[in-house]
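Please construct the entire structure, taking both the sequences and the accompanying hints into account.
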Amino acid sequence: MKRSRMAIAKIRGQIRVIASIFVCSLLLAAGCKTSEDAASAATQMSTTAKSLSDYYTALNTILANTDQLYMLNEQILAKPYTAENRQLMKDNEAELAKRAALAAEFSTFAGEFAKLAGSTASADVAASANKLETEVDTLASVKASTGEQNALKTALQIFVTAIQEHKEREAARAMDDIAKGLTALFIKEGEVWNSVETNYTRTAAVLAGYLVDHDATDQSALLKVALDPFGLMPSVVAPELRAALAPLAKQQIATRTAALDASYVTATDNMTKSLQEMSKRIDAVADDRPMAFRMPPATVANVEKWTTQVASY
Amino acid sequence: MPDVLSTVQATFNSLDAQYTLLLAASTNPQQRTALENQYAVAQQAYQMCIGKTLSDDDPQVAALSMQLKATNLQVAQSVTEMGDISKVIDTITQAVTLAAKLAAKIAV
Numbered sequence: 004m005k006r007s008r009m010a011i012a013k014i015r016g017q018i019r020v021i022a023s024i025f026v027c028s029l030l031l032a033a034g035c036k037t038s039e040d041a042a043s044a045a046t047q048m049s050t051t052a053k054s055l056s057d058y059y060t061a062l063n064t065i066l067a068n069t070d071q072l073y074m075l076n077e078q079i080l081a082k083p084y085t086a087e088n089r090q091l092m093k094d095n096e097a098e099l100a101k102r103a104a105l106a107a108e109f110s111t112f113a114g115e116f117a118k119l120a121g122s123t124a125s126a127d128v129a130a131s132a133n134k135l136e137t138e139v140d141t142l143a144s145v146k147a148s149t150g151e152q153n154a155l156k157t158a159l160q161i162f163v164t165a166i167q168e169h170k171e172r173e174a175a176r177a178m179d180d181i182a183k184g185l186t187a188l189f190i191k192e193g194e195v196w197n198s199v200e201t202n203y204t205r206t207a208a209v210l211a212g213y214l215v216d217h218d219a220t221d222q223s224a225l226l227k228v229a230l231d232p233f234g235l236m237p238s239v240v241a242p243e244l245r246a247a248l249a250p251l252a253k254q255q256i257a258t259r260t261a262a263l264d265a266s267y268v269t270a271t272d273n274m275t276k277s278l279q280e281m282s283k284r285i286d287a288v289a290d291d292r293p294m295a296f297r298m299p300p301a302t303v304a305n306v307e308k309w310t311t312q313v314a315s316y
Numbered sequence: 174m175p176d177v178l179s180t181v182q183a184t185f186n187s188l189d190a191q192y193t194l195l196l197a198a199s200t201n202p203q204q205r206t207a208l209e210n211q212y213a214v215a216q217q218a219y220q221m222c223i224g225k226t227l228s229d230d231d232p233q234v235a236a237l238s239m240q241l242k243a244t245n246l247q248v249a250q251s252v253t254e255m256g257d258i259s260k261v262i263d264t265i266t267q268a269v270t271l272a273a274k275l276a277a278k279i280a281v
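Chains as they are written, first to last, in this note's numbering: chain G, 4 to 316; chain U, 174 to 281.
Worth flagging that the hints you see were computed from the coordinates, not collected in a lab.
Using N, Cα and C, we set each Cβ at its ideal position, and we do this for glycine too.
Any given hint could be a false lead.
Stated by the list, open to error - Capping the alpha-carbon separation at 27 Å, the derived lysine-lysine pairs in BS3-like fashion look like this:
| no. | chain 1 | residue 1 | chain 2 | residue 2 |
| --- | --- | --- | --- | --- |
| 1 | G | 101 | U | 260 |
| 2 | G | 156 | U | 225 |
| 3 | G | 183 | U | 274 |
| 4 | G | 93 | U | 260 |
| 5 | U | 278 | G | 93 |
| 6 | U | 225 | G | 93 |
| 7 | G | 170 | G | 53 |
| 8 | G | 101 | G | 283 |
| 9 | U | 260 | G | 191 |
Claimed, not checked - Computed spacing ranges between beta-carbons, pair by pair:
| no. | chain 1 | residue 1 | chain 2 | residue 2 | range |
| --- | --- | --- | --- | --- | --- |
| 10 | G | 262 | U | 254 | 31 to 41 Å |
| 11 | U | 260 | G | 276 | 44 to 54 Å |
| 12 | G | 194 | U | 256 | 29 to 39 Å |
| 13 | G | 311 | U | 259 | 42 to 52 Å |
This is the structure we're talking about:
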């Protein structure tokens, strides 16, 4: 009887040990899961922030093109473009460049955070920490000009410090603040960037229409639809034919203007959705909730399509 | 006022689209100079608006914006009718002056 009691106590003890090991394993697994979620969220945020930086850079290309357009207008149509107005244009370009730089910095930080959160190799951690030191110096040179940008810059600095001190949870919370800040700034300034794009397409369309009217365009591309099936190439179009093609050329200007504007609106909508979605995902990680997604929001790809299109202008 | 920028942009884009026509219709150097000046001011007002984060809680900005919208319509009408070029330039001057006031108002 005594022996059987001892056996039962031994089994209970073994069960306790097994249970303890199981609970510990679960806790460890949960810890790893958190780390995986944080690393994944950071990687996705890095991609999304890179996309935002590319978006701002594309808008800057549009501003630079508008600057050139104004210079062409001055030469061809005698539309004044004063030195003062050119300076205002340059100031606006500088503002956009600041936003592109902030988003690019965040993308880099998030990428480094992902490496730290996802790696146990001391060499990786040391390399990422060194890279962050360099990035902090770069950040200091970006002069923020609005309250929102200053707040973002501060959040970025907190983020970097948290990463350097290996405080993963604090870093995730800081990343959450930055993602929210970037989203709010992007939405707040949406009207301004929309105006930059539509002003460019409208101004370019006016000059393009003038050039068509003044026989300064090659309209042979309009004939491709008739000649390509037969392997024929258009020759230099005769003046009478150019005049006949002018209305089609103008129609193409109007159609493309609308298409460019629509493409921009879609890209902006997708950028907003990407930022909002990432904000939600990082929020979950920062609050210790599971984050199921392992890929950046699908909408990011559509933004890239637009930025590539602008780069080809 | 969420549409301040778009209203100032409309003033500039409208003048930009009609500029060649208006310049051709100008009958003396004074009219041409006035047109050139208004174009430069309209462009400046627009550039200034772009450079600033717009404030939507200033009642004066809202009132000016409404006035500019109405004047933009007058400009479009007078350009379409293209009667007395001096009156057309006067209407443009009114619109551009309002656009410049708005730009100054929202400039921080």
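For each hint, the structure was consulted:
no., hint, verdict
1, G/101 <-> U/260, "violated (44 Å)"
2, G/156 <-> U/225, "holds (19 Å)"
3, G/183 <-> U/274, "violated (34 Å)"
4, G/93 <-> U/260, "violated (35 Å)"
5, U/278 <-> G/93, "holds (21 Å)"
6, U/225 <-> G/93, "holds (14 Å)"
7, G/170 <-> G/53, "holds (24 Å)"
8, G/101 <-> G/283, "holds (25 Å)"
9, U/260 <-> G/191, "violated (39 Å)"
10, G/262 <-> U/254: 31 to 41 Å, "holds (32 Å)"
11, U/260 <-> G/276: 44 to 54 Å, "holds (49 Å)"
12, G/194 <-> U/256: 29 to 39 Å, "holds (35 Å)"
13, G/311 <-> U/259: 42 to 52 Å, "holds (49 Å)"
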